[in-house]
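S.K.: So you can see what is in the structure, the chains are spelled out below.
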Amino acid sequence: AQTVTQSQPEMSVQEAETVTLSCTYDTSESNYYLFWYKQPPSRQMILVIRQEAYKQQNATENRFSVNFQKAAKSFSLKISDSQLGDTAMYFCAFIGQGGKLIFGQGTELSVKP
Amino acid sequence: DVKVTQSSRYLVKRTGEKVFLECVQDMDHENMFWYRQDPGLGLRLIYFSYDVKMKEKGDIPEGYSVSREKKERFSLILESASTNQTSMYLCASSPNLHAGPNYGYTFGSGTRLTVV
Chain A
137 AQTVTQSQPE
147 MSVQEAETVT
157 LSCTYDTSES
167 NYYLFWYKQP
177 PSRQMILVIR
187 QEAYKQQNAT
197 ENRFSVNFQK
207 AAKSFSLKIS
217 DSQLGDTAMY
227 FCAFIGQGGK
237 LIFGQGTELS
247 VKP
Chain B
17 DVKVTQSSRY
27 LVKRTGEKVF
37 LECVQDMDHE
47 NMFWYRQDPG
57 LGLRLIYFSY
67 DVKMKEKGDI
77 PEGYSVSREK
87 KERFSLILES
97 ASTNQTSMYL
107 CASSPNLHAG
117 PNYGYTFGSG
127 TRLTVV
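Protein sequences, first through last, are from chains A and B.
Just add 136 to the spot in the first sequence (first one is 1) and you have the working numbering.
Just add 16 to the spot in the second sequence (first one is 1) and you have the working numbering.
No lab work stands behind these hints: they were computed from the structure.
Some hints could be false.
In silico DSS-like pairs for lysine-lysine, Cα to Cα no more than 27 Å straight-line [what the hints assert, rightly or not]:
1. B/K69 x A/K236
2. B/K86 x A/K236
3. B/K69 x A/K248
4. A/K191 x B/K86
5. A/K236 x B/K73
6. A/K248 x B/K71
Let the sequences and hints guide you as you build the complete structure.
M.R.: Right, here's the structure in full:
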C-alpha cells in the first residue's frame with residue numbers, strides 16, 4: 137500500500153525568507169505523480185505544484201519548487217521569498233495507477249512579518 | 017469557473033441522527049471522492065465513485081455510506097451519527113481514471129460537522 141509521510145506538523149518562516157517542507161512516500165509503482173496542495177484558512181484546497189515520477193527535472197512554479205529524489209522516495213517543497221499569503225496548511229499527496237489521491241498528515245506553515 | 021459545491025459549510029447534528037452531506041460538481045467528471053480531514057491525520061479517503069450508481073470503499077468506510085444517483089451529485093451518509101464522526105469532510109472530483117493519473121482533483125470548500 138502506498139503511504140505519504142510529512143514529519144513536520146508545524147513550521148514558521150520570516151517573510152521574504154526561504155522554507156523547505158519535507159515529504160517522503162512509499163510505493164512499489166514506477167509511474168506515479170506527486171503533488172503539493174495548499175489549504176488556507178478558507179479551506180479551499182489549491183494545487184501548488186505537481187511532479188511526474190518519470191521526469192528527472194524538478195518542477196517549479198514561480199516561487200515554489202520541489203526537490204524530487206526518486207530513489208530516496210523524497211519530495212520536498214521549497215518556498216522562496218515567503219509571503220504572508222503563504223500561511224496555510226500544506227499537504228503532500230501521491231497518485232498512482234489506482235487513481236486515488238493519498239495524502240500526508242500536513243504541515244502547518246506560518247509566515248511571520 | 018469549474019466548481020465542486022458542498023451544500024453546508026457548518027453543520028451541527030445530534031448523536032444518532034441520520035446525516036446527509038451533499039456534493040455537486042459541474043465539470044462532468046466521472047470520479048468523485050469523499051475525504052475526512054482531522055488534525056495530525058491529513059485527509060483520509062472514505063468512499064469514492066467512478067461512475068453513476070457505482071461506489072467503492074476507501075480506507076475508513078465504517079459508519080458511512082454513499083449514494084450516486086446522478087453523475088454530478090455524490091452524497092455521503094452517516095446512518096447514525098456519533099461524536100467520533102465530528103470532523104471536516106471534503107468532497108473532490110476528477111476526470112475519467114483512464115485519462116491517466118496526471119489529472120487534477122477539484123475540491124469543495126469542506127463541511128465542518130459537529131456531532132453533539
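S.K.: Each hint: holds or not?
M.R.: Hint check results:
A hinted pair counts as satisfied when its Cα atoms are at most 27 Å apart, and B/K69 with A/K236 qualifies at roughly 18 Å. Taking the CA atoms of B/K86 and A/K236, the gap is near 21 Å; set against the 27 Å cutoff, the hint holds. Under the criterion of a C-alpha separation no larger than 27 Å, the hint pairing B/K69 with A/K248 is inconsistent with the structure, at around 48 Å. Pair hint A/K191 plus B/K86 does not hold up; C-alpha atoms about 38 Å apart against a cutoff of 27 Å.
Between the alpha carbons of A/K236 and B/K73 the distance comes to roughly 11 Å, so the proposed pair stays at or under 27 Å and holds. For the hint pairing A/K248 with B/K71, the CA-to-CA distance comes to about 44 Å; that exceeds 27 Å, so the pair is violated.
In the structure shown, a violation is registered for the earlier hints numbered 3, 4 and 6, in ascending order.
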